[in-house]
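Chains as they are written, first to last, in the working numbering: chain A, 1 to 428; chain B, 1 to 299; chain C, 1 to 205; chain D, 1 to 750.
By construction, these hints were calculated from the structure, which means they are not laboratory data. All values reported here derive from a predicted model rather than from experimental measurement. Just so you know, even glycine gets a beta-carbon here, dropped at the ideal spot from N, CA and C. Any given hint might turn out to be false.
Capping the alpha-carbon separation at 20 Å, the derived lysine-lysine pairs in PhoX-like fashion look like this [as the list claims (entries may be wrong)]:
(1) B:K250 - C:K167
(2) C:K167 - B:K291
(3) A:K366 - A:K39
Estimated spans, in silico, between C-beta atoms of each pair [claimed, not checked]:
(4) A:K316 - D:G703: 40 to 50 Å
(5) D:E401 - B:M101: 35 to 45 Å
(6) D:A174 - A:E181: 54 to 64 Å
(7) D:N343 - B:D102: 40 to 50 Å
(8) D:D458 - A:D200: 55 to 65 Å
Each chain is listed here by its residues.
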Amino acid sequence: MSDIVATNQTILVVGGGISGMTAALEAAEVGKQVILIEKRPFIGGRVSQLYKYFPKLCFPTCGLEINQRRMNANRNITVLTMSEVTNLQGEAGNYTATVKISPRYVNANCTACGACADAVEAEFDNEFNYNMDKHKGAYLPYNMAQPQRYVIDPRMIGTDDAQKARDACKFDAVDLDMQEETVELKAGAVVWATGWRPYDANKIQPYGYDRIDNVITSVEFERMMDPFGPTGGKLVRPSDGKEAKNVAFIQCAGSRDRNYLKHCSRICCMASLKQSTYVSEKYGDEADVSIYYIDIRAIDRFDDFHQRVKDDPNVKFIKSKVANIVENKENGNPTLNGVDTEGYNRYANEHDLVVLAIGMEPSVDKDTFPIEIKVNDEGFIEQDEANGGVFAAGCSSDALDVNRAVQSATASALRAIQVVNRVAQAEG
Amino acid sequence: MATKEYSFYPGCSSQEGASSSNYLKSVNTMCEVLDIKLNTIPDWNCCSASIGYCGGGELPRLALSARNIALSEQHNAGQDIVATCAACWLATKETQERLEMDGDLMAETNQALSEAGLTLKNENKIRHMVEVLIEDLGYDELGKHVTKPLEGIKIAGYVGCQTNRPFGIEGESFENPKYLDKFIETMGAEPVEKYDKKVSCCGGALAFSEPEKSQALIKDIIEAAYDGGADMIVTPCPVCQMNVEVYQDKINAKYGTKFSIPVTYYSTLMSVAYGKSGKEAGLDGQIIPAKKLEDIAGK
Amino acid sequence: MSDTNTSMVEKYRNNFLKEVEANVEEGEWVKMCMQCGVCSGSCPLGPHWDHPPQELFMMIRAGKRDEVLESTSMWMCTSCYNCIVRCPRELPITHIMHGLAHYATRLGIEPKNQPTRKFAQLFWDNLARNGRVNELKLGISLYFMNGIVEGIKTALGMAGIGMGMVKTKRMNPMEILGGHTVKDKKGFQAMIKKAQELEAARVDN
Amino acid sequence: MSDEMKIGAYICNGCGLGERLDSGQLETTATRDGKAQVCQQHDFLCSEAGVKMIQDDIDNEGVNRVVIAACSRRAKTDAFNFENVSIHRANLREGVIWVRPDTDEMTETTQEMADDYIRMACAEAKFSKIPEKSGEQGINKNILIVGGGVAGMNAALEASKAGYPCTIVEKSAALGGATAQLYKKIPTKAPYADPEDTGVDEMIAAVEADSNITVHLNSTTTNISGAPGRFAADISAESGSTETRDFGAIVQASGFTPYDANQLPEFAYGKNKDVVTQMELEALAKEANGGAIKRPSDGKEVSSVLFIQCAGQRSKKEGHLEHCSGYCCSASIKQAMYFKDQNPAIDTTVLYTDLRTPGAGGENFYRSGQQKGVIFTKGIASEVVDGANPTVKFKDLILDEDNDLEVDMVVLATGMVPNSGQPTRAELTDMDSEDAEAEKAGEEVEIRVDVESILNLDYRQGKDVPHMANGFADSHFICFPYETQRTGIYTAGPTRRPMDSYQAREDAVGAAMRAISEAENAGLGRAAHPRVGDLSFPTFRKEGCTQCKRCTVECPFGAINEDEEGYPIYNESRCRRCGTCMGACPVRVISFENYSVDTVGQQLKNVDIPDEFDEKPRILVLACENDAYPALDMAAQNRLEYSAFARIIPVRCLGSTSLSWITDSLNSGFDGIVLMGCPSGDNYQCHFVKGSLMAQERMSKVGDTLETLNLEKERVQTFEISITDIHRVPQIINEMAETIEQIGMSPFKF
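Could you put together the complete structure from these sequences and hints?
Spelled out as structure tokens, the structure:
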């Protein structure tokens, strides 16, 4: 990796999700040198795990395909996957980043032919599907994974399976001796695009995510719709594989709550409205959806979508924060207890499946940023002079939907360019 | 381990001849085994539980607990105050917090206390006996003293409300606390899995004023225990113990059920497991006798 | 209607929220409710509330003074604290309920025949007298709170339980002759009196 | 680049290709049929050695058309990335062996597939040129910014910081726009508890102090001609003077107009002076400047105020706005604080249905409002009764009862109407108007609409950027929010989407970035999104052109103008290189150097068509390279099989499909044709907006062609394919194969 060229006119982008990719592309396409650091073995981030986007109900991989093509075509971008920034020092125009690169155990020779995967037996929890299923010990994270290169799960190293994988490769692409390495990279400006993670549903005890099989999160529900996902695209419930037609969505699961996340995660209302259409997509008129909400936050043009779902006779809206969920031990149905506050109606409703519209929290914990940076109580990076040449993009700056994240990322690219252009001038 | 000393607030119901005098008995036995010394707060008064609000306003109620804390500071200086009754613990701890946060309230309270010749510094920790067992001794230590493991007994750990909310035990969830189950295991018995009435309310003080309403709640608590295959119920709270145990006949009469399930304290459970006699364990305080425990104690 | 009540109506005119904020324990929290209803859904006695907590809060904001203070609802509170731990805005709902009940009582407009109200009053009187609760006296006065005839019925109904308690030494018939008290009764009562004065003073000005 | 063309074909034997295919045979096909002057095999073509082998031929043998017979064009792009040559991929892996079973009886058809793909790649190579920039425009770093509100100003400031000179054209007499009319703004920093100063004065000062920024007040753009890299804008002042300036790109930050509350008589607006809009309250607050706010009617200090949210918004009622303006909830909280901060005793009530304060800041601000005693009531106002004090009648949704409240003043949270100029001709044709009729008839019509144009573009298709729902300037909205249908023109602020002052500022930074990017790339002759970097651009054979205007009308980006004789003018840097014009041209005179009627036409002509009685039909699949082709690749990745009779050709956009390809393939004996484009309609997924729609329209007419050839209409079918239709694409191909089995082979095999 010593062949990576980085100067203080280089822009370092941390995070290869939709925001990081956008920032990297915007900068690279006006001729800037960009290094993109991604923790996972592939770029694309959370959007690659979504089935559809609201409000167009189009497919994230569609835009991803274009962005990946742009990345591949652009020689100004260096992508480092399975890499993390462990330290960052300096000031605007002169940063040094320490980057830890974990071994992929597969080198550039890989043609993604899949022979290694065919050869191994071992399986491991599949993070891409939120551990709802398993992937082979040698695997391609998902169909469109870029770089299009297999990964050997570190948990397989040292086993016979690992050997089998190596022996199966005709191109010496499997390198079991690959070691973790640490490199130091210079950079003039940094775009911080580490994104978000779903809030830990186990912490929302009244909803029994840890106790009741048929209570799942919205991100898991999203994966179920993928034909290549854990259920092969079937909308069925975990406990018994029964078709999930009567589905409840619980809004603000972990958000707007002093016990969990104080902030509103913005996307969850639209996400549930979108996911309600999944149920109709699968079961047509048999779909029976209930959305339990405090306020439906479908702002600006999204409200059209909200209205459309509202007009669907198979979708009910209940203004209520569900008090708790108990499992009907006979049929495995979760029973939701609470009060519809529009006129005080007490309910105890049984559903096939309950989806927690899980909140969005920053991927990086508040106090673990590798450099002094202004972060608010919620853990999002505030825009502040004091941040020098480090600019937040996307969900590291606030709970954002995709189009707002891309907007934010595009802006952060310009701010980074301003810095490296100043450097360039200074250096003549 | 060296002897552990605490300033002890027994509370009204633990008094001799009162509804949970058997609780106190078993606690004393248990503490003896565990080498815990309880120094009772001299001349302690009632905490007004959570039902005193009608007559007593905010300040008078705070004054009640404040007096106990002040007396403890005076006589058991520096010792954590430990209560065995959920209501006592809650009222006292709440008082301490409120006075800590609100300077004016603190001043007013001290004004009132001065009438009784007391002043409050409000520096001691207020703890529940269960906290002491878990945090100061730990499950391993509790297990060490078991001489008669309670094998073959399936027990529903009924935590109830006030030992669990709003403070609860550090590291436990409000909806599904596990410490009672761990006690039960530690004592060699088997806890009921997924006992989903674990933290449901028994009606508390309303058992007196709204018997029908509270007995409906109690019924569910007992039913769930039976559904879980429980031989008995164990609880850390005197109000829960009383409500769940003594109304079973009335519930049977009203709902045609055949409830007759013993309800004991964790301390009773432990005393038996520690090889103490039924009497020392307070088993003679059972209105519905805990046969299986008696058998073990009798061995 | 008590004088305090009339003077309060005078003092706060139609602004019941301000009245609650100034006079009800933890009343200043009422405005923070966002009407999610998790408290209403969490209450074990929920079905028995005419107006669940979140609705009471809305009614307070809407200035429905009498409906709120004369309601039996807050007397349904079993102090289980479910609402408090689940409230996303951390409202001390249990205390606000107690506070409303107490405030109504102080104004003399509480629902007179609400059994819990009676029991709660008895409980307080009982402990205020001796500093400690005398369960037997409390029990007996409780049975007779609705009059002799009712009382005897209840007492007979409870006799079985009473006997059980006596047998197991968890109830002592001799207590009727006195029973537990604090030693420093004088100081204790003076303290309560002072506290009550201080609190009254708060309300009056 | 030397005109002398030299094709080098390189056949990979890796990934099982060697085992499954007769590489010798492939080599013969490449040299004999494909006319490849150089042909080499390699067991691991994408390896350093393999790549070097090719590079050596380029350097030493003068190979300038490289045919890679290996994996899909989407694979190993980093390895097969040679400069100054054209690269053509024969997809033998994803396109052949991965979609066919490995059995002896199948080897023959599988080999035929592979041979055909090599012929096709060579044919494409033969007819492609290596694109070079035209030099139609050079780099012009000047950015034109239309609108001098916070969005416009911030776009200028940020672009200037990056070294790009900006010119702001502001219609009014001063900078600052709507924000300048505010007393304070919604908080933008933790703890998000109190209104903040708007900071607009500082901004104006900064703009004025920036020597890199030129400001034209009282001015508008009366004409904008040209294209990215060479826009020429007439900037006309009220005074009458006009100057013309050149720009590389444009940011449109024309803001919004507050909704006209006169359309809300039910709320007594206009009737009762004390019913005001949020904007009007800002004026009152400014006047009070921290002191007591006085109401308009009698100057009485306001002691109670009620805010009606969503006034005239989120409603399908005639004259109302369907959208939610997004910022009004926070704005009402802010305004309630104007009162509370001055005197906590003032009663402030916000009447809402959904309180919308998203994000970290939003929820904190909501709580802060409650903390300060603002009362929030979930309810719907039905009427404001006029009177000395207005009385608001509303349904309280929580208490489920009708209620009313008399207050000193009522504030209507009315929404934003975007200043997005005139509808385009295309939009007009969707409207029912004289103009529309005329436009459909293809007549020259001067667009007569009561809205003033903002940009006054000298574009064939209309004077402003096309609109999306609710009149907001168009954008792809999700993945590529800044992409409008007018290359080099980027919208920012409320003209694009309803938003508050701070969001508008931030939005403008992104728009500035895009403008800079386009100015730079246009200068280098490179295409903009989505074919970033593509140097090719459309040209036409004038002698063949019939001036039919199809290309100028159908271009999704309004790139093409007409000269006085009606011949097309292409404006290459406005072009996104989708080829829709090429598909539109009935006389096939439009082409790109590396993508033309021939590059595709010759491929299908070079497919070997077996004799009718061999029972080996041929199915032509034209697949959109953006979605359908990746779907086909992924089907292969998952080893989903499809008919060995299919021959797939990726196209830039189905909109570029020339009818001649259909007729030619039918004539040359293809038995079936499958066209795969992107979903069209309101939620279109076509990266070229309406390419797939255009294709469908054209294909609807193919029926006639088939009739004249008296062929069954089932032989040509068009499908809308999403990139996720991985299981569906092989199915579609197989179904076509079955159809052919039923209706029989094409008689046109010679």
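inquiry  = Under the constraints set out in the numbered hints, which ones does this structure not fulfil?
reply    = 7
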